[in-house]
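Line order of the protein sequences matches chains R and F. Numbers 0 to 227, taken from numbering that gives the first Met the number 0, label the letters of the first sequence in order. Numbers 0 to 77, taken from numbering that gives the first Met the number 0, label the letters of the second sequence in order.
A couple of the hints might just be wrong.
If you only want the chain R side, here are some residues facing chain F, beta carbon under 7 Å, derived [said to hold, decoys possible]:
(1) PRO123
(2) SER135
(3) LEU138
What the hints contain is simulated information worked out from the structure, not anything from laboratory work. All C-beta atoms, glycine included, are put in the ideal place defined by N, C-alpha and C.
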Amino acid sequence: MKAVLGFAALSLIAAVLAISLSQVPFGVDRMEVARYYLENGASDTGAANLVTSVVLNYRALDTLGEVTVLFIASLGVGAFLALRRRGEGSLPPASLIVRRGSQFLFPLILIFGAYIFLHGHLTPGGGFQGGAVIASAFLLMFLGQYEYSLSHRPLSITESLAGLTFVIVGLIGIAAGGYFLSNFLPKGSLLSLFSAGVIPILYVAIGFKVGAELAGIVAAMLGPRGEE
Amino acid sequence: MIYISLLTVAMLGAGVAAYFLKDLIAAVVACAAVSLIASLLFYLLQAPDVAMAEAAIGAGLSTAVFVIAIRKTERYEK
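Make the full structure from the sequences, and use the hints.
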C-alpha cells in the first residue's frame, strides 16, 4: 500500500515536472534580468563593479538578510561557547620570529582589508571579502601570540553600530527616495572613489560588521586565553 | 583549458583525500586545499569577487575554526 502511494506521488511529481519543463523553449537565452544588469548596471548605480551594483543596489535587501544570518550565526557560536571555561594547558610560547612577524603583518592585513571594502564599488571584492580579510588578521594574532585576546564589548559595539548604520541608511532611503535602501546620494563619476552614492557607506558598514563577527567567532572558539 | 581541467582533477583528489583520511587535521588541510583550488578556479573563470571570499573564508577562517575544534576534541577518527 505504502509503495503504491509512493509510486503514485512520484509519478505525479514527474508528470508535473515534465509538463512544465516542456513549456520552456530550448536554446533560447532566458537571462533577461542578467542582460539588463550588464547593460544598465553602471549607469543605474554608478558602481563600476557590476557584482557590487547587484549586491548593494538591486538586491540590497537580500544583503541585509545575509548580514543578519551571519549575525545570528555568530551570536549562536558566542552563546554556545562563551560560558565554557577550560584551561588550554600550558603551551610553549611561539618563537620570536612568529611573534614579531605576526605583529608586523597585522596592520598591513588590516589596511588591505580596509582597501578591499573601501574599493568595493570599483574593484572586485567588497564588505564581505574585506571583513573576512580583517578577521584573518585577528586570527593571525591569535595564532602567533598566545597571550593576545579580544574583549567582547568593543566587538559587539562595532557590530551593532555597523548594523544600525546599514538600517539607518536604508530608512533615510525611504524618506529621500521612496523605497528602502534607495540610492539617495549623488552617483558621481564612474570609477572615482567617491561615487555610487550610498554603496561605499554600506560596504564600510558591512566590512566592519563582518570583520567583527568573524573575529568574534574565532575568539569564541578559542575560549578564554592568557594566564589562567 | 587544460590548466582548468588539471586543477579540477586536483580539487577532486583533495576532496576524496579529505573523505578517506583518518587524521582529522590532515583532512582539514585537504579541505583547505579544495577551497584554495576552488578560489583559483573562480578567478580563472572570471569571478574574482567569489574567489576572494572563498580564499579568505573557505581556505583561511573555516580551516582555523576546524583546527581549533579538533584540537579541543579528538584528533583521530575511530
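Numbers of the earlier hints that this structure fails to satisfy, in rising order
Hints that this structure does not satisfy do not exist here, as all of them hold.
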